[in-house]
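K.L.:
Here the numbering used here = 1-based position in the sequence shown + 438.
Worth flagging that the hints you see were computed from the coordinates, not collected in a lab. Hints are supplied without guarantee of correctness; some may be wrong.
[Claimed, not checked] Taking lysine to any residue pairs in the SDA-like style, the calculated list, with each CA pair at most 25 Å apart, reads:
| hint | residue 1 | residue 2 |
| --- | --- | --- |
| 1 | Lys520 | Lys640 |
| 2 | Lys611 | Lys540 |
| 3 | Lys496 | Lys529 |
| 4 | Lys673 | Ile553 |
| 5 | Lys640 | Glu660 |
| 6 | Lys529 | Ile683 |
| 7 | Lys834 | Tyr760 |
| 8 | Lys558 | Glu660 |
| 9 | Lys673 | Tyr580 |
| 10 | Lys529 | Lys673 |
| 11 | Lys558 | Thr570 |
[Said to hold, decoys possible] Here are the in silico distance ranges between beta carbons for each label pair:
| hint | residue 1 | residue 2 | range |
| --- | --- | --- | --- |
| 12 | Asn833 | Arg671 | 47 to 57 Å |
| 13 | Lys497 | Ile554 | 39 to 49 Å |
| 14 | Lys659 | Gly773 | 17 to 27 Å |
| 15 | Thr647 | Lys558 | 47 to 57 Å |
Predicted, not measured: the structure shown is a model, and the values here were computed from it. Every residue, glycine too, gets a C-beta built ideally from N, C-alpha and C.
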Amino acid sequence: MKTLKTEYLITGNSSAGVACIEGIREIDKAGNITVVSDENIFNYSRPLISYLLGNRVKKKNMFFRSRNFYDENKVNLVLDNKAKKLDVKRKIVYFANSQSIKFDKLLIATGGSPIIPEIKGSQLNGVFTFTTFNDAVAIKDYIKKHTVKHAVVIGGGLIGLKAVEALVELGIKISIIELADRILSTTFDTKASGIIQNALKKTGCNIFTKNTVVEILSEDKENKAKLVTLKTREKIQADLVITAIGVRPNIQLVNNTSIVTHRGILVDETMQTNVKDIYAAGDVCEADTLLDEDKKNIPIWPNAFKQGRIAGENMAGGNAVYTGSVAMNSVELCGIPTISIGKTSLEQDKYEILEMRKKEESVYKKIVLENNHIVGCIFVGNIERAGIYTGLIMNKIDISSIKDRLLENDFGVLALPEKYRKHLVGDVGLEV
């Protein structure tokens with residue numbers, strides 16, 4: 439089969455890939471762009487898959503760019519085709535359909551894949567992962583077809599809790615199995631996790647911490663999941679099992695190449711890898727952060743979009759710079775909104791912790807300070823003005839003059855340092 443040629447090749451069509459198209463077209467209006475995705479849907483907002491499963495969003499509202507987007511931007515879009523091998527020297531990517539494409543500039547935006555634990559019985563019907571549009575649709579169809587009443591979610595992190603959020607909406611009895619001592623252990627401290635755990639229990643959810651599933655069992659000839667066995671030998675009813683213990687970057691494409699990787703593909707401030715003309719963005723990469731000297735993989739939608747946009751501009755000859763990001767996650771459970779930003783579960787002596795809690799209202803605020811700078815926040819129950827605190831983190835503002843006001847109910851723009859407040863009302867401030 440003949441090798442095709444393109445100026446810009448993008449492997450991946452989610453947030454980073456779409457943003458890369460826009461970045462390229464900001465500078466180069468005519469260069470040939472080819473986008474290849476291993477999914478069979480033209481684009482969708484991945485954070486909304488729990489709302490799709492929970493019947494809060496319809497399929498037609500999942501898309502964040504119209505069907506005309508690719509034609510309007512003169513993009514050759516190829517769906518349902520996986521990139522399998524990269525020849526760095528010849529600048530060629532080989533795909534699963536035996537097609538090969540030669541490129542001038544390449545963006546690797548292959549995202550991440552769910553970590554699937556080795557559990558006996560995981561091949562049974564009714565066992566799913568939960569990271570894609572097709573996952574949500576498959577689970578939705580299975581629930582409808584088999585009248586699911588009991589579900590087990592393996593993993594009490596953000597992915598697992600998003601699945602729980604949807605299943606609660608559907609009135610399904612849920613058991614959450616978490617290896618750590620609490621749910622949301624990587625983004626929340628014990629107090630914040632406790633508020634959400636208590637709320638989930640009130641809805642009828644069972645939560646098993648410091649535990650894991652060792653086997654999934656079937657009781658019928660259709661090989662459908664019916665029970666799970668825990669490490670503690672307890673057996674739990676499970677018409678549906680969702681494994682949600684985490685995601686790892688899809689770096690297989692660069693295996694056996696000279697591209698440097700750690701957990702993800704390492705990139706510089708332009709989103710370029712150590713190999714000229716090859717870039718990476720989104721969940722597959724490790725980039726600069728604002729709060730650490732080391733590069734990190736922070737797999738969240740806004741980061742992916744920003745990284746993809748910067749990569750696209752630079753691929754087209756621009757000079758955009760990625761200044762780093764912080765971990766930031768938001769989830770609403772049992773009607774309780776939450777946000778965590780930056781470093782949140784630290785108790786070491788080098789950090790100063792400010793806290794406010796109203797147990798009767800399920801409200802909790804925590805601010806983590808280092809050398810009079812905010813490096814992390816948790817908001818549970820009341821997330822108003824979270825954007826102001828985020829701005830203080832992102833802009834590395836010295837808060838020593840306003841530290842005693844940070845937890846006040848009326849803390850807002852007027853309480854900010856005057857110089858920074860003027861910055862907020864200017865044109866630049868619109869980005870904060």
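K.L.:
A separate judgement is required for each hint: does it hold in the structure or not?
P.N.:
Hints, verified against the model:
no., hint, verdict
1, Lys520 - Lys640, "violated (44 Å)"
2, Lys611 - Lys540, "violated (51 Å)"
3, Lys496 - Lys529, "violated (40 Å)"
4, Lys673 - Ile553, "holds (23 Å)"
5, Lys640 - Glu660, "violated (34 Å)"
6, Lys529 - Ile683, "violated (35 Å)"
7, Lys834 - Tyr760, "holds (16 Å)"
8, Lys558 - Glu660, "holds (17 Å)"
9, Lys673 - Tyr580, "holds (22 Å)"
10, Lys529 - Lys673, "violated (53 Å)"
11, Lys558 - Thr570, "holds (24 Å)"
12, Asn833 - Arg671: 47 to 57 Å, "holds (52 Å)"
13, Lys497 - Ile554: 39 to 49 Å, "violated (26 Å)"
14, Lys659 - Gly773: 17 to 27 Å, "violated (41 Å)"
15, Thr647 - Lys558: 47 to 57 Å, "violated (22 Å)"
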